[in-house]
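Line by line, the protein sequences are chains V and G.
Note that the numbering used here has the first sequence beginning at 2, numbered continuously upward.
Note that the numbering used here has the second sequence beginning at 2, numbered continuously upward.
If you are wondering where the hints come from, they were derived from the structure by calculation, not from laboratory data.
Here the structure is a predicted model, which means the values were calculated and not measured.
Some hints could be false.
Which copy is meant is left open, because identical chains are indistinguishable; a pair holds if it fits in one copy or across any two.
Mimicking BS3-like on lysine-lysine, the simulated pairs with C-alpha atoms at most 27 Å apart in a straight line are [stated by the list, open to error]:
1. 344 to 444
2. 279 to 114
3. 32 to 444
4. 388 to 235
5. 279 to 235
6. 132 to 444
7. 399 to 388
8. 426 to 399
9. 9 to 32
10. 444 to 426
11. 279 to 9
12. 388 to 279
13. 114 to 32
14. 114 to 399
Number of protein chains: 2
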Amino acid sequence: MSVDDKLKITRLLDELGVHYVEGGWPGSNPKDAEYFDRVRALRLDRVRIAAFGSTCRVGSSPEDDANIQALLDAETPVVTVVGKSSVLHVREVLRTTPEENLRMIQQSLAYLKAQGREVIFDGEHFFDGYKADPEYAESTLRGAVDAGADTVVLCDTNGGSMPWEIETITRDIRRLLPEVNLGIHAHNDGGVAAANSLAAVRAGVTQVQGTINGYGERCGNADLCTLIAGLELKMGMVVLPPGRLSQLTRLARTVAAITNQRLGRQTPYVGRSAFTHKAGMHVAAMRRDSESYQHLDPALVGNRARVVVSELSGRGNLQSKVEELGIDDLDHSELPEVVQRVKELEHQGFSFEGAEASVEMLLHRARTDYRPPFEMLDFMVVAEQRKGQGVFAQAMIKVRIGDEVFHSAADGNGPVNALDRALRKALMPVYPHLDGFDLADYKVQILNGEHGTGATTRVMVDMQNATRRWTTVGASANIIEASWIALADAVEYGLSTCGAH
Amino acid sequence: MSVDDKLKITRLLDELGVHYVEGGWPGSNPKDAEYFDRVRALRLDRVRIAAFGSTCRVGSSPEDDANIQALLDAETPVVTVVGKSSVLHVREVLRTTPEENLRMIQQSLAYLKAQGREVIFDGEHFFDGYKADPEYAESTLRGAVDAGADTVVLCDTNGGSMPWEIETITRDIRRLLPEVNLGIHAHNDGGVAAANSLAAVRAGVTQVQGTINGYGERCGNADLCTLIAGLELKMGMVVLPPGRLSQLTRLARTVAAITNQRLGRQTPYVGRSAFTHKAGMHVAAMRRDSESYQHLDPALVGNRARVVVSELSGRGNLQSKVEELGIDDLDHSELPEVVQRVKELEHQGFSFEGAEASVEMLLHRARTDYRPPFEMLDFMVVAEQRKGQGVFAQAMIKVRIGDEVFHSAADGNGPVNALDRALRKALMPVYPHLDGFDLADYKVQILNGEHGTGATTRVMVDMQNATRRWTTVGASANIIEASWIALADAVEYGLSTCGAH
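Bound-form chain V, shown alone (with noise of 0.2 Å):
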């Protein structure tokens, strides 16, 4: 991430309505001392901007430490320390005494306090650690609060505790400190880190960590989404300002798109299936009950429900999707020749799964009254490497707009980029408002892949103006045809919906 994008996600959060923002580790790489640098000028409401080091080195003094001296010079009112909870990683790692450990956490916190900053100790290793030698990891949490910690924070690094580990040891230190904000960071290895997060709640602890969509090394980290939609949803709890929890998807979209990761379709609460329902059987149940087969109001966290038309299903979800999307004046003796034309593109390798634009475009297609604003008539693309020149990629497209054939060539600095500037070329004459529409993603997938390149492309075109944002797809064992169907669907369906505004 760039400075600038982790800026942003700063302000995200902010907005979100979380406590704390930990900012990166300032001692580690330059890009992380300017992001702390340029954090102070933001104007934030709520969250505290935390910088993230570890306890001095072994034989130093913090004084002398460089990443001590980095964390100060971070300027943030929070610092976040971890230092090792297990002796094994003391004596492995370190390969240090358990004592001087003891005392580069316990200098290292003093000394940090003194200097007027919140501190957050993460007792790495812990869970580890208190199986293993319970005396010592307690020890370390005791030395950090003598230090004048101000939350202490037992650390699942390696992900491998189950709930039920997280639960009764987290009690156990409860019990033991039971004046301290204790927190909990959990990682996802063993498939239960929103679960062991949860737990530890349960068990008493107050600051819950973890990323936005669960990024982080291995399997990631606890997920934050999951975790303040269940502290709210199942627990009750109070995490953010009144009204904020229906930021939460579109929160976890925009930090996505920001770092290009993919937010997986099926993710919780916030995924773009979440509250997708595909079986007829379900689908006629919610017909009926609304919250037949969801366990909570999409709404709740800023998602919706969506009925996904495949070539599974039959009349009722087309139905259900006409009736979604406010189609009212299409004749609905047309839908069973629509549920056709979908079976017949999904065995060519089409999805409609997420395509939900090309699916509303079969639909308008079925409307007597339709008229496409524009029809393709040929394309031809070339894309050429001579050794020394660089790459060169061009496109020649011809579209017919109602009786008027338009002929037009573009560079681009790629075949599908050079098929998108012809077309806007093409048709921008006649409607200057595709200027608005942006391409925000598109995505490849190989279908059958023993065929190697030579199977079947699918392609998923996401579109997007000032205000929506839509998904078309197109599949062809040519890439590039395959890119075009989904563009020209995607630009049909921008000029036919979204109108002149």
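Chain V is already provided as a structure; the job is to place chain G on it using the hints.
For chain G alone, coordinates are given in the frame of chain V:
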């Protein structure tokens, strides 16, 4: 999935050693009926095949119910029958009385038992039903048991229950029905499907339902891979026959390939990144103690540890990579230059996380004695569509092998396929074993989405021969060039490292 795909997966699940495979709903579509016809011909070792269906309909008797008859016609040793355990759903969705629902459950199960089937009863919406009306929910289970059900499954159909609820309610039922085999069926809507399933096992359940990789509607079902590994490695239970657990990773990836679904890299236990280490600090620690940042030995589940080389990693990671790959004859003074090259390429849009073959090629190319098997000179690709005549793609390519220049041309059903074919045509006379290399997967990611089709394109190529699979990366604003780079790297890697066998 095709019937062939389902049969293939059935065989794989049998080899893994699961106890039951629910093969489909014979009453719902002809493909499922065909599956049951053909699965009888498979020689299965351990797995028992179950057909899935619902109870007879409101007002009908099992003898006259098409759905129940289809279950029998499937001729499986086991049938799974779903019935409603929530009085709300009985009233709102079935629109009948609680008594009629009990009759439907009891008569359906008794009838199927009388036909000699092992009967599993899935209590749909059991947990939600129990929270609202525990007596009625219990009565549906008792009805099923009285009618002869062999196993009674508690379903969290909407996936909204939390582990502590699941554990408490399951313990209640365990006490009420002490002699009955209980099962759990969890969904991931709250992000805790795995934890819910494991909690139920702790409360006395002996059958765990789920799907490989968690495939399923909305947020998916409980992931059997996570559960099998968790039950065996975290709870010390015996689930699979001895020695089978190490097949788990291969199984997960094979099923993903067959179903053409992406297996998330971060999937617990079996994902490609599940044991991948990136942070320099973690890698340094791993070099001291391999267990310091992983919760178990990845070999237990057939996975492996990997070190990731990326922009942010320094010499230490690359050093680990060199050792992991066993590149003995590399002059280590070359490493800083390779690190520099990695940084430059990542700046251009390459990503070496996961593209290990491309990293290995960078290292090989740093060896003074490395001789590339071929050198690319020029390429040109044309893709064209004329109304009514279909789509055409062709490529020309010029490569140098030793002192000789080979110029070839090929058609393809897409531009990348045409390139692939032209490249093979040029290289095959000199490297005939190239014939055994297949392009197994091909992924495209758009970076900086805000630039639409003008953005940088990153292509990842998976190539395989009979024994290995490797991944390479290419990036460019031009998708054809990005594809070319990844493709050529994959071919060069295969020719350089796989030998002529």
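Hint check results:
no. : hint       : result
1   : 344 to 444 : both (22 Å within a copy, 25 Å between copies)
2   : 279 to 114 : neither (55 Å within a copy, 31 Å between copies)
3   : 32 to 444  : neither (30 Å within a copy, 30 Å between copies)
4   : 388 to 235 : neither (61 Å within a copy, 56 Å between copies)
5   : 279 to 235 : within (25 Å within a copy, 34 Å between copies)
6   : 132 to 444 : neither (45 Å within a copy, 43 Å between copies)
7   : 399 to 388 : between (31 Å within a copy, 10 Å between copies)
8   : 426 to 399 : within (11 Å within a copy, 34 Å between copies)
9   : 9 to 32    : within (15 Å within a copy, 50 Å between copies)
10  : 444 to 426 : within (23 Å within a copy, 29 Å between copies)
11  : 279 to 9   : between (36 Å within a copy, 24 Å between copies)
12  : 388 to 279 : neither (51 Å within a copy, 35 Å between copies)
13  : 114 to 32  : within (26 Å within a copy, 68 Å between copies)
14  : 114 to 399 : neither (70 Å within a copy, 67 Å between copies)
The structure fails to meet hints 2, 3, 4, 6, 12 and 14 from the earlier list, while all remaining hints are met.
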